[in-house]
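J.: Below are the chains, spelled out letter by letter.
Protein chains: 2
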Amino acid sequence: MTLDAGSEYHPYLQQLGGHSVARTYQTSVSCGAGITQPLLKECYRIGVQTHNRSKFEGFLLGEKGNVVGVKMRENYHFGEDQPGKVLNIRAKRGVIMATGGFAQNIDLRMAQDPTLTSEVGCTNIPGATGEGMLEMFRLGAVPVHLAHIQSGPWASPDEGGFGYVSNYSIYNFPHSIAVNCLTGKRFMNEIADRKTRADAELACRDAKGEPLPPILITSYKDSKQHPNTAKVIKYNVGWKFDTLETLAKHFDVPLKALEAQIKEYNGYVKTGDDKQFGKNMSKAKDKYLEAPFTVVRLWPKVHYCQGGVQVTTKAEVKDSLTGMPILGLYAAGEVCGGIHGVSRLGSCSIPECMVMGMTAARSIMNA
Amino acid sequence: MTLDAGSEYHPYLQQLGGHSVARTYQTSVSCGAGITQPLLKECYRIGVQTHNRSKFEGFLLGEKGNVVGVKMRENYHFGEDQPGKVLNIRAKRGVIMATGGFAQNIDLRMAQDPTLTSEVGCTNIPGATGEGMLEMFRLGAVPVHLAHIQSGPWASPDEGGFGYVSNYSIYNFPHSIAVNCLTGKRFMNEIADRKTRADAELACRDAKGEPLPPILITSYKDSKQHPNTAKVIKYNVGWKFDTLETLAKHFDVPLKALEAQIKEYNGYVKTGDDKQFGKNMSKAKDKYLEAPFTVVRLWPKVHYCQGGVQVTTKAEVKDSLTGMPILGLYAAGEVCGGIHGVSRLGSCSIPECMVMGMTAARSIMNA
Chain A
1 MTLDAGSEYH PYLQQLGGHS VARTYQTSVS CGAGITQPLL KECYRIGVQT HNRSKFEGFL
61 LGEKGNVVGV KMRENYHFGE DQPGKVLNIR AKRGVIMATG GFAQNIDLRM AQDPTLTSEV
121 GCTNIPGATG EGMLEMFRLG AVPVHLAHIQ SGPWASPDEG GFGYVSNYSI YNFPHSIAVN
181 CLTGKRFMNE IADRKTRADA ELACRDAKGE PLPPILITSY KDSKQHPNTA KVIKYNVGWK
241 FDTLETLAKH FDVPLKALEA QIKEYNGYVK TGDDKQFGKN MSKAKDKYLE APFTVVRLWP
301 KVHYCQGGVQ VTTKAEVKDS LTGMPILGLY AAGEVCGGIH GVSRLGSCSI PECMVMGMTA
361 ARSIMNA
Chain B
1001 MTLDAGSEYH PYLQQLGGHS VARTYQTSVS CGAGITQPLL KECYRIGVQT HNRSKFEGFL
1061 LGEKGNVVGV KMRENYHFGE DQPGKVLNIR AKRGVIMATG GFAQNIDLRM AQDPTLTSEV
1121 GCTNIPGATG EGMLEMFRLG AVPVHLAHIQ SGPWASPDEG GFGYVSNYSI YNFPHSIAVN
1181 CLTGKRFMNE IADRKTRADA ELACRDAKGE PLPPILITSY KDSKQHPNTA KVIKYNVGWK
1241 FDTLETLAKH FDVPLKALEA QIKEYNGYVK TGDDKQFGKN MSKAKDKYLE APFTVVRLWP
1301 KVHYCQGGVQ VTTKAEVKDS LTGMPILGLY AAGEVCGGIH GVSRLGSCSI PECMVMGMTA
1361 ARSIMNA
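Chains as they are written, first to last, in this note's numbering: chain A, 1 to 367; chain B, 1001 to 1367.
Next comes chain A alone, as it looks inside the complex (with noise of 0.2 Å):
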């Protein structure tokens, strides 16, 4: 469907976050878009009416209870006080949401895992703040796994949002390490899960518990290769050292426990079973690190909510006292939860879109 519509992709399979093999075709730019975009356009040629600059503001209830529409503020823009007319919007069928996730919502991801402050980045768009979950909520939408939020390991702290960094870092991760400025040493496998990552990333504290981005050391040889690497060093996001020497003095890492560490990993390069953290060194295959080097910072950036409304395996959002479908309400996207469990692997979020934004359109059309 999605190549029907003109959807574009890399022609290599990339191994991405918590996965065991390398099953990911990515869109050749790289990003969501490069599947919504040309779905939107198909919309449009076949007739759907969408509405831009648009905020859901609740839902319309029919005697029963049974969801029949939706109120809509005309002319918003995120933030800024100037509301258009709420609209009364009423639907056919029923109301499908698809509002995604709550990662830029700081005091509802604070109360579900504290260490989520604002120090913490976001990749998510601003209006990412969870109102249209909230308002299923009260509905008596059934919440689940809302306490399980996924930081993306590979952003960096010197850009914002996902930026260029981010997948410079997920392309390069297999055959890179991330060391610990303070010890010099690596401190995870730089391929577990995301959160085991994530997790890792934000122990990295000087000594006053201030956060201290670790890096992520690369042979420029084999970074090279990927399109965002030129970008990385263009913006002063990332940099190149020719020798170990100048990277260990701009990073301010103790340079000897840095050379100890890479001529401890190389070992495991070359035996492929690397006895630190366990990563699979399948895809290190021959690849040394060896200067000159290129070098990203890592933070984790909130990236994605496991939680949200339980649905049917029709998509249909269920009602917490009675265990049936709320009549003409539909979920579908990272507003729902307990698909993915405590923590979703890379790329599973598009399957789920499309396979469950397929059913509940399926479901919509059988009420």
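The set of hints was computed from the structure by calculation and includes no laboratory data.
Each statement offered as a hint is correct.
Using 30 Å as the maximum straight-line C-alpha spacing, the simulated DSSO-like pairs for lysine-lysine come out as follows:
1. B:K1195 with A:K275
2. B:K1256 with B:K1224
3. A:K256 with A:K283
4. B:K1064 with A:K71
5. B:K1185 with A:K275
6. B:K1085 with A:K64
7. A:K221 with A:K240
Following the hints, complete the assembly by docking chain B onto the known chain A.
T.: The following block gives chain B in isolation, referenced to the frame of chain A:
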């Protein structure tokens, strides 16, 4: 306050689940009723009215959405179809919800943690089904940590509820070994936090993946001090064996492996250093495992819901959209979320109930 009301405590400190040292005095009846019953008597003495056999059916709301009372069904017997009249009870100052957790609501707990099927028992009363919490979510309370549900790793599959074994094993864990019947080997630190142990027990399965409850092996000489030891043997939920051979035969455990395990463990008793699971051996000092043995079977029971509604430090229930208190609504005890984090430490619900119960009462008197 509890001493003034007449509570009595065992004269020795106990080291409960997840604690690093022995720091808990337990009531002499070894359960919370040793606190609640004396407090209830004291309430009657000062003229407090209570309503037993009554079911909470929802809130009465004022014009501004503030809570001004509750609907209460009289003459209610749990699970029976003989509903009494529903009364509207007006609250002069506000309502304090102390409705406990939802450990008996199998649908809701499985939505949060699919391993907590009906196969896993529960220590709570049958009415711990969470409707009070769910009604608060409908008013806009913030759901926090619902996915963090604790199972008691000290429970027995051979009796209902908390039973006799739970306190027996809590007392004996420090100087006992828990053994997987399939391997004859230990599989956990017997005094790790509750969640770690419950997860380890649930992983004990036979070749077909069916539950194979592990066994807790204690020297009879060290178990007999606990008042429940005679009871677990009398009621056939624990057994005494004169030799390791009869024990191994009874539970179909490989004898050689079990012999080797006990020899190894007794080495740790001697050195004070558990090289298998890092258990703190200080309470096992000089307590070598020797025949005759007392044995109980272990299988987790859902015990405590860390999750619930978010409250302020004044025990006010917060609104998910405004972040302000929902006027007239207070909560204390297990129905609150976010107090204990991922896994509550043994005994820590008592101070939470006492402190936040008093806090809620003070807030309501100042409202």
